[in-house]
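Go by the hints and put chain W onto chain A.
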Amino acid sequence: MFDAILENRLLAAILVVIAVPIVLVGYIYLVEFVVGLFRRTTAGRIRPWLWLAPALVFLGVFLVYPTIATVIRSFQNRRGDQFVGLENYQWFFTQNDTLIALRNNVIWVIFLPLLVVGIGLLVAVLVDRVRFEGAAKTVIFLPMAISFVAAGVIWRFMYELDPKIGTLNATLNAVGAEPRAWLVEQPQNNFFLIIVGVWLLTGFAMVILSAGLKGISTELLEAARVDGANEVQVFRRIVLPLLMPTIAVIATTIIIYALKTFDVVYTMTNGNFNTDVIANTMYQMLFNNGQPGRSAAIAVILFVAIVPVMIVNIRRFQEQEAVR
Amino acid sequence: MTQAQAPVAIGAQVETRRRARPRLGGIAVNTVLIILMILWAIPAIGLLVASFRTAAATNASGWWTAFTPPWEFTIENYEYVLGRAGIDQAFINSFVITIPATVLVVMIAAFAAYAFAWMEFPGRNILFVIVVGLLVVPLQVTLIPVLNFFRDFTPAGIKINGTFLAVWLAHTGYGLPFAVYLLRNYFGSLPKEVFESAAIDGAAPGTAFFRLALPMSVPALASLIIFQFLWVWNDLLVALVYLGPVPQNHPLSVVLANLTTSFGGGWQFLTAAAFVSMVVPIIVFLSLQRYFVRGITGGAVKG
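These protein sequence lines map, in sequence, to chains A and W. Counting along the first sequence from 1, when you hit position 220 you're at 271 in the numbering used here, and nothing is skipped either side. Counting along the second sequence from 1, when you hit position 29 you're at 33 in the numbering used here, and nothing is skipped either side.
Some hints could be false.
Stated by the list, open to error - Residues from chain A that keep clear of chain W, each with C-beta distances beyond 10 Å, as calculated:
| id | residue |
| --- | --- |
| 1 | Leu150 |
| 2 | Phe162 |
| 3 | Ile205 |
| 4 | Asp278 |
What the hints assert, rightly or not - Below, a list of computed lysine to aspartate or glutamate pairs in the EDC-like style, where the Cα atoms sit at most 16 Å apart:
| id | chain 1 | residue 1 | chain 2 | residue 2 |
| --- | --- | --- | --- | --- |
| 5 | W | Lys196 | A | Glu229 |
| 6 | W | Lys196 | W | Glu124 |
| 7 | A | Lys215 | A | Glu229 |
| 8 | W | Lys196 | A | Glu370 |
Stated by the list, open to error - Just so you have them, the derived chain A footprint on chain W, three or more residues with Cβ under 8 Å:
| id | stretch |
| --- | --- |
| 9 | 78-92 |
| 10 | 176-189 |
Derived from the structure by calculation, the hints contain no laboratory data. Heads up, the beta-carbon is just placed ideally off N, CA and C, and yes, glycines get one too.
Chain A extracted, bound-state conformation (with noise of 0.2 Å):
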């Protein structure tokens, strides 16, 4: 029956926008009833957890699990059948390659952050006081509209050799400055990777904080005025503060993006003229090398890497708790 149901697939969706909020509603309400059966003590105990419930059976299965099984993955050799100790790990930090590609990482995972973020506050800012505020935030959304391949197509042409078909090169021609090959002249080149990275990411950053921009109280920004604060003194006394939970989550969710940093690359330079990254590096081992112990080991990695980006977030969520 319930193939059926699926093979007429519009049906399947409309019955499936309906059913599941109605289901999840009821959850909630159902977890409500139960839990007011209980004393108070014993009821505060055992709220939260069937209010995570749901979410935490969605991340068990399809992220926690298969991480485990990298994490044991990684420890053994190609076929899978043979502990090998460290042998994978020695591996990545002995590899010339693999080291190149670590230092690259460490170049996104510090400029990445600081454009997407830095840029994508100023738009967010700055909208609020011009009267094309939605064509303005639409321009710069845009990019995360584009498929990466698509992104990919337009890029190579803007950083393409030849002045007569490379946007960047015809600019430069058109003041009098010699062509530049933008994506072989090492080190640089990973800038102008990033640079795309930035391009495609900025729309992200500007509507979560512009989001958060608008929770602000109107009445307090106009309370700041009145007392003679100008605007600057505003935005950094008052607004900045504000925001600096929002700020956190964007610089946090970008730090990871850099981390595990892909398709960019990929589709622009796989990885050549010394412009690989790690999630590449993975991908290879994984569907082109037949490696997968040295792919698990990689995503390995990737996981230890964000332990410190995890710890400033649990200080920074102990600090909100301490002062509300």
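Below, chain W alone, put in the same frame as chain A:
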């Protein structure tokens, strides 16, 4: 504040919003924004122009030369893309995949985020950080374990692998870490007084969630919907792996990505394809834009 008053407070807020429209910026603000808009638009305009030219023309001269005679625009890229067999079915499939996957993520994440933000329980911060930390898991490493799970997990004889159900569930799992992170952060910044007075007035957590937390978080929910929709709509990997090689199930992203593999150097069709598949996410973005309004939480503190 009781639940019945909440909508009134929000309604009253609309008035103050209109009055407190931020003062317009000077020349500097306008200039900076216009420069940024031009920088961001140039690659997109280049792509748009290329989508209306032949591959030979784009390879021979820069896109900016298309604006001077001889004008050699063509719609053949669009004709080719829109004339692909099964493109209409692919459009429908994209909606069928994207809408439930978005609804599931937003609702389940909202429950979890509310528990993380406003309920006390041991290990809360550690658990939350683990959830957010899962953002770093590369999708590629999850594919094989999850495929095995789908193969072995057949409740009541229902085969999940290769169905839309598999894609809905997988996208929900993958989308949750960011969704929980974003919403927990927004819920956590809501004024404490609102929830305290609701509790004093005897409102259950369920009521406080549906009547206070959700309506006050409309901008955050709107941005989450925009991005979850966009990610699922543009996703290629998850659809390819979990739907399998069944062409009539494929969403737009898969059909459009096949434009190059089956044609070698068909990149000029990709430029047209980019705009074809962009239309829907842009409409979603523009229509949710109006929920980015100032001052939804502002007046609530007074209650």
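We went through each hint and held it up to the structure:
no.: 1; hint: Leu150; result: 20 Å, holds
no.: 2; hint: Phe162; result: 17 Å, holds
no.: 3; hint: Ile205; result: 4 Å, violated
no.: 4; hint: Asp278; result: 15 Å, holds
no.: 5; hint: W/Lys196 / A/Glu229; result: 60 Å, violated
no.: 6; hint: W/Lys196 / W/Glu124; result: 14 Å, holds
no.: 7; hint: A/Lys215 / A/Glu229; result: 13 Å, holds
no.: 8; hint: W/Lys196 / A/Glu370; result: 15 Å, holds
no.: 9; hint: 78-92; result: violated (count 0)
no.: 10; hint: 176-189; result: holds (count 10)
When each numbered hint is compared with the structure, violations occur for hints 3, 5 and 9.
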